[in-house]
Amino acid sequence: MNKTISQEFLKGFWEILPPFKLVLGLCPTLAVTTAVENGIGMGLSTTFVLFFSNVIISSIKNLIPKKVRIASYIVVIATFVVIVELVMKAYFFSISQQLGLFINLIVVNCIILGRAEAFASKNPIYLSAADGLGIGLGFTLSLILISSIREILGKGTFLGMQVMWDSFEPFAFMVSAPGAFVCLGLILGIMNLFPKK
Amino acid sequence: MKEYFRMVAVLTIIAALCGLLLAAVKKGTEKRIEEQFLLNVQGPALKKVLASSTNDFIGDREQITIDGEQKVVFIGKKNGKSWAIAFETMGTGYKGKIGVMVGFNLSQDMISGIGILTHQETPGLGARVSEAVFTDNFKGRAINEAFKVKQDNGIIDAVSGATISSRAVCSAVKKSIALYATIKDKVLGKK
Amino acid sequence: MEYIILAINAILVKNILLAQYLGNCPFMGVSKKMETATGMGMAVIFVITFATSITWFVYHYILVILQIEYLQTIVFILVIAALVQLIEMFLKKLAPALYKALGIFLPLITTNCAILGVAVLCINNEFNFLQSLFYALFSGVGFLLALILFAGIRGRFEISFIPRALQDTAIALVMAGLMALAFYGFLGIDNSLQALMMK
Numbered sequence: 001m002n003k004t005i006s007q008e009f010l011k012g013f014w015e016i017l018p019p020f021k022l023v024l025g026l027c028p029t030l031a032v033t034t035a036v037e038n039g040i041g042m043g044l045s046t047t048f049v050l051f052f053s054n055v056i057i058s059s060i061k062n063l064i065p066k067k068v069r070i071a072s073y074i075v076v077i078a079t080f081v082v083i084v085e086l087v088m089k090a091y092f093f094s095i096s097q098q099l100g101l102f103i104n105l106i107v108v109n110c111i112i113l114g115r116a117e118a119f120a121s122k123n124p125i126y127l128s129a130a131d132g133l134g135i136g137l138g139f140t141l142s143l144i145l146i147s148s149i150r151e152i153l154g155k156g157t158f159l160g161m162q163v164m165w166d167s168f169e170p171f172a173f174m175v176s177a178p179g180a181f182v183c184l185g186l187i188l189g190i191m192n193l194f195p196k197k
Numbered sequence: 001m002k003e004y005f006r007m008v009a010v011l012t013i014i015a016a017l018c019g020l021l022l023a024a025v026k027k028g029t030e031k032r033i034e035e036q037f038l039l040n041v042q043g044p045a046l047k048k049v050l051a052s053s054t055n056d057f058i059g060d061r062e063q064i065t066i067d068g069e070q071k072v073v074f075i076g077k078k079n080g081k082s083w084a085i086a087f088e089t090m091g092t093g094y095k096g097k098i099g100v101m102v103g104f105n106l107s108q109d110m111i112s113g114i115g116i117l118t119h120q121e122t123p124g125l126g127a128r129v130s131e132a133v134f135t136d137n138f139k140g141r142a143i144n145e146a147f148k149v150k151q152d153n154g155i156i157d158a159v160s161g162a163t164i165s166s167r168a169v170c171s172a173v174k175k176s177i178a179l180y181a182t183i184k185d186k187v188l189g190k191k
Numbered sequence: 001m002e003y004i005i006l007a008i009n010a011i012l013v014k015n016i017l018l019a020q021y022l023g024n025c026p027f028m029g030v031s032k033k034m035e036t037a038t039g040m041g042m043a044v045i046f047v048i049t050f051a052t053s054i055t056w057f058v059y060h061y062i063l064v065i066l067q068i069e070y071l072q073t074i075v076f077i078l079v080i081a082a083l084v085q086l087i088e089m090f091l092k093k094l095a096p097a098l099y100k101a102l103g104i105f106l107p108l109i110t111t112n113c114a115i116l117g118v119a120v121l122c123i124n125n126e127f128n129f130l131q132s133l134f135y136a137l138f139s140g141v142g143f144l145l146a147l148i149l150f151a152g153i154r155g156r157f158e159i160s161f162i163p164r165a166l167q168d169t170a171i172a173l174v175m176a177g178l179m180a181l182a183f184y185g186f187l188g189i190d191n192s193l194q195a196l197m198m199k
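Chains as they are written, first to last, in the numbering used here: chain A, 1 to 197; chain B, 1 to 191; chain C, 1 to 199.
No lab work stands behind these hints: they were computed from the structure. None of these values were measured; they are calculated from a predicted model. Where hints are given, some of them may not hold.
A short, non-exhaustive set of chain B residues, derived as facing chain A with CB atoms under 8 Å [unchecked claim]:
{"#": "1", "residue": "E3"}
{"#": "2", "residue": "R6"}
{"#": "3", "residue": "M7"}
{"#": "4", "residue": "V10"}
{"#": "5", "residue": "L11"}
{"#": "6", "residue": "I14"}
{"#": "7", "residue": "A15"}
{"#": "8", "residue": "C18"}
{"#": "9", "residue": "L21"}
{"#": "10", "residue": "L22"}
{"#": "11", "residue": "V25"}
{"#": "12", "residue": "K26"}
{"#": "13", "residue": "T29"}
{"#": "14", "residue": "I33"}
{"#": "15", "residue": "Q36"}
Beta carbons are placed, not taken as given, at the ideal position from N, Cα and C, and that holds for glycine.
Could you build the full structure based on these sequences and the hints that come with them?
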């Protein structure tokens, strides 16, 4: 094991930054990024689930028979998703109403199952924790980036506060479904301008 | 065979542990979720229809059973005396159900106000039934008045271009008036 | 009449891929070739219909009765995972030809959020069983339609000039946006259908 915790943590911010570098987890990325608040909520929920499922799966990886590993992972992930769902409803009610269906759908976010299978099931707990946290926070940052662009252009606001000049006509296309796809595609294009290692 | 047994055992243990954990979290958050739900979904409408109450009407809600159906009734109190009650009824609008919170003044048997809770009406048309211009139509009316839109020889000014939505609200109000007497007796009888 | 509207709604107006943002991972992944797109679309129709009907029963006759609706997510995903495995086994035994066509897509479907999404949507919208069945079936059809159209367009990318940075997924996303814009136009149909039904 020659990789350190910091390396595992930092790779989630650029090298395999989801959803851009790993083209996974597109649905929540497209759906909830109409407002920065929702982006943060979704990103942190995903980070929570990713971190804990990575830790748990990594710690029980030797106990699980190979044939039922995916089923076990799904149970663990789904448990944390339900916890997030309940806690969000109890303490962040308005965001949970905004995210609605997509909180349930964290369970099928391919990033999480993907990390469980590709990383946590093969690495020790502390590395898996760093991996989960890094990728989760990277995902959160991506969501904040996309939702900032969409909210500022589409509604003229940032976190609900007016940031554009008064006569600014909101570019409603950006907060609708087609705008989500185009915006994500263009950001990905810009990121591709930077050469890969 | 041994491997098979192990598979079942491991899955069962994981599922059981997760189940226990979730049941605990659920228990811990249950009450708060219910309160948050009432506060955020029904709170704004309640504040309008039970205005000038001095109590916490969400905390003072009561479950009342009418014809085998559960109804949550919110009770507004002034100086410790119940002066108004409010509960929700549904009407069928243009795109789906419209939930209407109707408040009644107990001593004068009149409507203290109505608030629209949930609807899926068209923005700019049917959705305008939730605006004060329309809901104020009902405020302060005695319960025996004709709660119909003017097109149907009633007293309510329908939102222009949204007669169906306006009718739906009227029918929800009429439903709640039909329930009002029974609920009033039950609420006051308990005291 | 109600069901026709529901179907048109599910296929065109509220297309799960382009208007509801569900199932986008496979959308990008398998749309490079027409055959894989068709295969995936068919497999989704198949699984989504089965899964939604079963989860509907599970929700209304097990979860509601035991008052454990909060376990919805965990139960639904397990039902879907088990169902996908079962379908895979049955197809292998009973319809080898079909298995050959759809088989490789089945494992991917468990994590397709369209399946879980539609199952949960039917519960959230308080659909009855028949409505759920229709909604799921036609959502699947909508998925197939969008996927095939998209694969067709993506085939053209091969012979057109695309800036290097935009190649592959980036241009595909922009393209999906334009398609979503086209589907946006169907909102008009929805409104006039609703008006028709009211008469």
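*asked:* Are any of the numbered hints broken by this structure? If so, which, sorted upward?
replied: none
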